[in-house]
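Protein sequences appear in the order of chains A and B.
As numbered in our numbering, residues 1 to 93 make up the first sequence, in order.
As numbered in our numbering, residues 1001 to 1157 make up the second sequence, in order.
Take the hints with a grain of salt, since some may be wrong.
Stated by the list, open to error - Taking lysine to any residue and the SDA-like style, the derived pairs with C-alpha atoms no more than 25 angstroms apart in a straight line are:
#1 B:Lys1129 - B:Ser1103
#2 A:Lys49 - B:Lys1019
#3 B:Lys1109 - B:Met1093
#4 B:Lys1117 - B:Ile1099
#5 A:Lys68 - A:Glu58
#6 B:Lys1129 - A:Ala69
#7 B:Lys1129 - A:Leu38
#8 B:Lys1109 - A:Asp39
#9 A:Lys59 - A:Ala79
#10 A:Lys49 - B:Glu1097
#11 B:Lys1019 - A:Ala50
#12 A:Lys54 - B:Asn1078
#13 A:Lys54 - B:Glu1097
#14 B:Lys1020 - A:Leu57
#15 A:Lys54 - B:Thr1130
#16 B:Lys1129 - A:Gly34
#17 B:Lys1081 - A:Thr15
#18 B:Lys1129 - B:Asn1066
#19 A:Lys54 - A:Ala89
#20 A:Lys68 - B:Thr1130
#21 A:Lys59 - B:Met1071
#22 A:Lys54 - B:Ile1099
#23 A:Lys22 - A:Thr7
#24 A:Lys91 - B:Gly1104
#25 B:Lys1129 - A:Glu66
#26 A:Lys10 - B:Thr1079
#27 A:Lys54 - A:Ile35
#28 A:Lys10 - A:Pro25
#29 A:Lys59 - B:Thr1069
#30 B:Lys1109 - A:Glu14
#31 B:Lys1019 - A:Pro56
#32 B:Lys1129 - A:Tyr74
#33 A:Lys83 - B:Ser1103
#34 B:Lys1020 - A:Pro56
#35 A:Lys83 - A:Ser3
#36 A:Lys91 - B:Gly1102
#37 B:Lys1109 - B:Leu1068
What the hints assert, rightly or not - Some chain A residues close to chain B (C-beta under 8 angstroms, calculated; not the full set):
#38 Leu38
#39 Leu41
#40 Phe45
Rather than coming from a laboratory, the hints here were simulated on the basis of the structure.
Virtual Cβ for every residue (Gly too), placed ideally from N, Cα, C.
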Amino acid sequence: MSSTFETVSKIISETCDIPLEKITPESHAIDDLGIDSLDFLDIAFAIDKAFGIKLPLEKWTQEVNEGKAKTEDYFVLGALCGKIDELVAAKGA
Amino acid sequence: MRLEYFQMITRVVEFDAEKKTLVAAADVPAESPVFEGHFPGYPLLPGVLMIEAMAQTSGWLILGLNRLTAMPFLVGTNTTKMRDFVKPSTPLMVHAELIGDGSGYAVTKAFITREGKRVAEAEIKFAVKTFPDPKFAAMIREWGERLQFPFEKLDAA
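All chains, full assembly: derive it from the sequences and hints.
Right under this line is the structure:
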């Protein structure tokens, strides 16, 4: 069974045509990988389908815009995978 | 259809909040400046306007499922196919089904039929944004009334 990071990095690689080896848990989706908001919608759609969850993108964006969170809290892949694991666990609880 | 105003739907025929589907009629007009250029002497409905018809039908589906509180904006299409020519004076039916519903985005599958035969299809992606102000909400409601949108079905959405 693939880890969350393996699944997410594969989705990003296929959606944005980024070589898999360039994607690490430390990669920032926007700053390092150059993923824009439109590509991120595709990624969110694929993640939602793969994990059976709904990424709260609007809430995260609002928190960043209001200064309550930093982009790296949600868009560094290691942190993103942690959030996905939390959402999956909450779904099963 | 009012091609020159980019209003592609003639009326909403059916909205099913439970199945997350919407069907709209789109009557291609006999005459339009669009046909004078596309193409002189050989008028055809442009493929991009078929995509727009599917996007607007999907748009009313998403508006309905959001109880007219959020506006979908077209951001992309996948697997788009135009299977046949569409000439002036052709009644079309446009079908849309929601297949993805996320936080701030939605994905639909849509297709157009002429006399039951499929002439175009696409998977369509939207960014979904809250209405900017009550004036915009009122404009959408008025537009929906012109299209005979079944507002009574919003309670089931």
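Cross-check of the supplied hints:
Using a Cα cut-off of 25 angstroms, the hinted pair B:Lys1129 and B:Ser1103 holds, with the two alpha carbons roughly 10 angstroms apart. Taking the CA atoms of A:Lys49 and B:Lys1019, the gap is about 19 angstroms. The hint holds against a cut of 25 angstroms. In summary, the hint linking B:Lys1109 to B:Met1093 is supported, as the alpha carbons are separated by about 14 angstroms, within the 25 angstroms threshold. Annotation: proposed proximity of B:Lys1117 to B:Ile1099 holds, straight-line Cα distance about 22 angstroms (limit 25 angstroms).
Restraint check for A:Lys68 and A:Glu58: the C-alpha separation of about 14 angstroms stays at or below 25 angstroms, so the hint holds. Note on B:Lys1129 and A:Ala69: the hinted pairing holds, with a Cα-Cα distance of about 21 angstroms set against a maximum of 25 angstroms. For the suggested pair B:Lys1129 and A:Leu38, the alpha carbons sit about 14 angstroms apart, so the restraint of at most 25 angstroms is met. About 19 angstroms separates the Cα atoms of B:Lys1109 and A:Asp39, which keeps this hinted pair within 25 angstroms; it holds.
Simply put, A:Lys59 and A:Ala79 have alpha-carbon atoms about 16 angstroms apart, close enough for the 25 angstroms limit, and the pair holds. As the CA atoms of A:Lys49 and B:Glu1097 are separated by approximately 17 angstroms, the hinted pair is consistent with the 25 angstroms bound. Using a Cα cut-off of 25 angstroms, the hinted pair B:Lys1019 and A:Ala50 holds, with the two alpha carbons roughly 22 angstroms apart. Taking the CA atoms of A:Lys54 and B:Asn1078, the gap is near 21 angstroms; set against the 25 angstroms cutoff, the hint holds.
Annotation: proposed proximity of A:Lys54 to B:Glu1097 holds, straight-line Cα distance about 19 angstroms (limit 25 angstroms). The hinted pair formed by B:Lys1020 and A:Leu57 meets the criterion: a straight-line CA distance of about 22 angstroms does not exceed 25 angstroms. Between A:Lys54 and B:Thr1130, the direct Cα distance comes to roughly 18 angstroms. Compliance with the 25 angstroms bound is thereby established for this hinted pair. With a CA separation close to 23 angstroms, the supplied pair B:Lys1129 and A:Gly34 stays within the 25 angstroms bound.
Under the criterion of a C-alpha separation no larger than 25 angstroms, the hint pairing B:Lys1081 with A:Thr15 is consistent with the structure, at around 21 angstroms. Between B:Lys1129 and B:Asn1066 the alpha-carbon distance is near 11 angstroms, which keeps this suggested pair within the 25 angstroms criterion. For the proposed pair A:Lys54 and A:Ala89, the alpha carbon gap of about 13 angstroms is at most 25 angstroms, so the pair holds. This hinted pair checks out: A:Lys68 and B:Thr1130 have alpha carbons roughly 21 angstroms apart, not beyond 25 angstroms.
Taken as a hint, the A:Lys59 and B:Met1071 pair is honoured in the structure, with Cα atoms around 17 angstroms apart against an allowance of 25 angstroms. Taken as a hint, the A:Lys54 and B:Ile1099 pair is honoured in the structure, with Cα atoms around 13 angstroms apart against an allowance of 25 angstroms. Simply put, A:Lys22 and A:Thr7 have alpha-carbon atoms about 15 angstroms apart, close enough for the 25 angstroms limit, and the pair holds. With a C-alpha separation of about 20 angstroms, the suggested pair A:Lys91 and B:Gly1104 falls inside the 25 angstroms cut-off, and the hint holds.
Among the hinted pairs, B:Lys1129 with A:Glu66 is consistent with the structure: their alpha-carbon atoms are about 18 angstroms apart, no more than 25 angstroms. With a CA separation close to 21 angstroms, the supplied pair A:Lys10 and B:Thr1079 stays within the 25 angstroms bound. With a C-alpha separation of about 19 angstroms, the suggested pairing of A:Lys54 with A:Ile35 holds against the 25 angstroms cut-off. The hinted pair formed by A:Lys10 and A:Pro25 meets the criterion: a straight-line CA distance of about 12 angstroms does not exceed 25 angstroms.
For the hint pairing A:Lys59 with B:Thr1069, the CA-to-CA distance comes to about 17 angstroms; that is within 25 angstroms, so the pair holds. Our distance criterion of 25 angstroms between C-alpha atoms is met by B:Lys1109 and A:Glu14, whose separation comes to about 21 angstroms. Among the hinted pairs, B:Lys1019 with A:Pro56 is consistent with the structure: their alpha-carbon atoms are about 24 angstroms apart, no more than 25 angstroms. The straight-line distance between the Cα atoms of B:Lys1129 and A:Tyr74 is roughly 21 angstroms, inside the 25 angstroms bound, and the hint therefore holds.
Taking the CA atoms of A:Lys83 and B:Ser1103, the gap is near 15 angstroms; set against the 25 angstroms cutoff, the hint holds. The hinted pair formed by B:Lys1020 and A:Pro56 meets the criterion: a straight-line CA distance of about 21 angstroms does not exceed 25 angstroms. Between A:Lys83 and A:Ser3, the direct Cα distance comes to roughly 14 angstroms. Compliance with the 25 angstroms bound is thereby established for this hinted pair. For the hint pairing A:Lys91 with B:Gly1102, the CA-to-CA distance comes to about 15 angstroms; that is within 25 angstroms, so the pair holds.
Using a Cα cut-off of 25 angstroms, the hinted pair B:Lys1109 and B:Leu1068 holds, with the two alpha carbons roughly 20 angstroms apart. A least Cβ separation of about 6 angstroms between A:Leu38 and chain B falls short of the 8 angstroms threshold, and the interface hint therefore holds. Checking A:Leu41 against chain B by beta carbon gives a least distance of about 5 angstroms; that is within 8 angstroms, so the hint holds. The closest approach between the C-beta of A:Phe45 and any C-beta of chain B is roughly 5 angstroms, which is under the 8 angstroms cut-off, so the hint is satisfied.
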